[in-house]
Amino acid sequence: MYYMMRQFEESNNAKIIIIDSSGQVRSIGDSKIDEDSSKKSTINRIFQEWILDFQAFNDILELKKNKTTIYYNPDFDINNIVCKQVIILPNNKNIILAVSSLQPIEEASEIIKEFYIYIFIGALIIVIILSIIYANMISKPLIKLNNSAKRISEMDFSQQCDVNSDDELGNLAKTLNFLSYRLNSALTELQQKNIKLKQDIEKERKLDKMRKEFVAGVSHELRTPISIISGYAEGLKDNVADDDSREFYLDVIMDEASKMNALVSDMLDLSQLESGNFKMEAEPFHIDELMKKCINKNKQFFQQKNIKVQESLAKEVTVYADYLRIEQVITNFLTNAIRHTPENGVVNIKLRDEQQSCKVEIENQGEHLAECDLENIWDRFYKADKSRNRIAGGTGLGLSIVKNILLMHNSTFGVKNTKLGVCFFFTLNKTNAK
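Reading the sequence shown from the start, the letters are residues 925 to 1358 in the working numbering.
Note that these hints are calculated values from the structure, not bench results.
Remember, predicted model here, so these are calculated numbers, not experimental data.
Fair warning: there could be bad hints in the mix.
[What the hints assert, rightly or not] Below 25 Å or equal to it, Euclidean Cα-Cα: the simulated PhoX-like pairs (lysine-lysine) are: (1) K1274 to K1343; (2) K1283 to K1354; (3) K1183 to K1130; (4) K1327 to K1354; (5) K1340 to K1229; (6) K1274 to K1216; (7) K1221 to K1283; (8) K1203 to K1127; (9) K1130 to K1327; (10) K1229 to K1216; (11) K1127 to K1343; (12) K1098 to K1117; (13) K1239 to K1274; (14) K1274 to K1221; (15) K1229 to K1183; (16) K1117 to K1127; (17) K1216 to K1239; (18) K1130 to K1203; (19) K1223 to K1283; (20) K1203 to K1283; (21) K1229 to K1120; (22) K1354 to K1274; (23) K1133 to K1122; (24) K1130 to K1216; (25) K1274 to K1217; (26) K1283 to K1217; (27) K1130 to K1120; (28) K1217 to K1229; (29) K1229 to K1239; (30) K1354 to K1217; (31) K1327 to K1136; (32) K1133 to K1120; (33) K1232 to K1216; (34) K1133 to K1239; (35) K1120 to K1203; (36) K1340 to K1283; (37) K1216 to K1354; (38) K1343 to K1283; (39) K1074 to K1098; (40) K1223 to K1203.
Throw the hints in and build the complete structure from the sequences for me.
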């Protein structure tokens, strides 16, 4: 039994005291109790309390229940736990007391309390870090969504919202990107339609202006021949002219009618070219042969004014173009050169063979054109020299028709002043077809 008591004391850091029913100490577990003054002091205090309160001692004996009490020892500022239990030995009742100090428990408790502070601080830091991370996870996508919405409100669709999460924010970003794409597509389409509408309106305005100018020009050009025809016809009707004059009157009427016919023909050609419905009948042909053909057709007109024609034509230059329309262009340039070259003058006709194209030049001796005339000479009914009717020997539509034909061939064309006089030129793309 004493061996067991000693083991209990060693394992629980306690002291065991056995007291009989008369209050006398029967046994103290460890004879070295004097070495532990705190336990000795505690045991002495317990005995003093029992001496003062013997009823409490008898209650324990009668009830036979264990009782645990905390005793505070002010001498050592230590709490001790005292367990009291009635044990029945042969022929006697005894009380066993186990006294153990709470100091290790209190020290452990204090250490735990200190650790609680560190644990709390650590937990608080972790919570703050997690809060920041979570806030970034929520706030950054929201900021990106907000910035994307601002860009969309400013009609800037250049950037998409790069929130790629699989949660509600990611779905909202995808919806916002889709909305941005649809808005961009709709606005782009609307802008294109607006541009087309403006172009159509501008085109219609220009066409209307051209129609008005055309009607005014035609009216002006027709007024003179109609007046002349009317006047001479009225003279014939009234028998004003004698036999010799009658022939002259008829020649004038026929000449003016011929001019009117040419004007109407040119008007139809120009209307067809400017309508956009004209289709070229392009084919490969030797342009040098076409130029010789046009020169021969106008040979008698050169001879009438004793004009010297100087040719410099490259041979076997093949182009892909509308044969009849290019013939019309060359004939117009030649007619214009004959009309404005003085008698005994010179006309230079050249065909240059270049790498990808050929260049036709028709230069006539004569007066230079003013700078403003160089730009406006291609307009309908434009007259460079109104006093001398410099360009108006024809209908006034020839160069405008030429311009439209050359534009349809993607040609580079123009007019320039030279030492000799004035030079008209145009280019055509070559082809290898024979």
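Index of numbered hints that the structure contradicts, given in increasing order: 3, 11, 12, 21, 24, 29, 34 and 40
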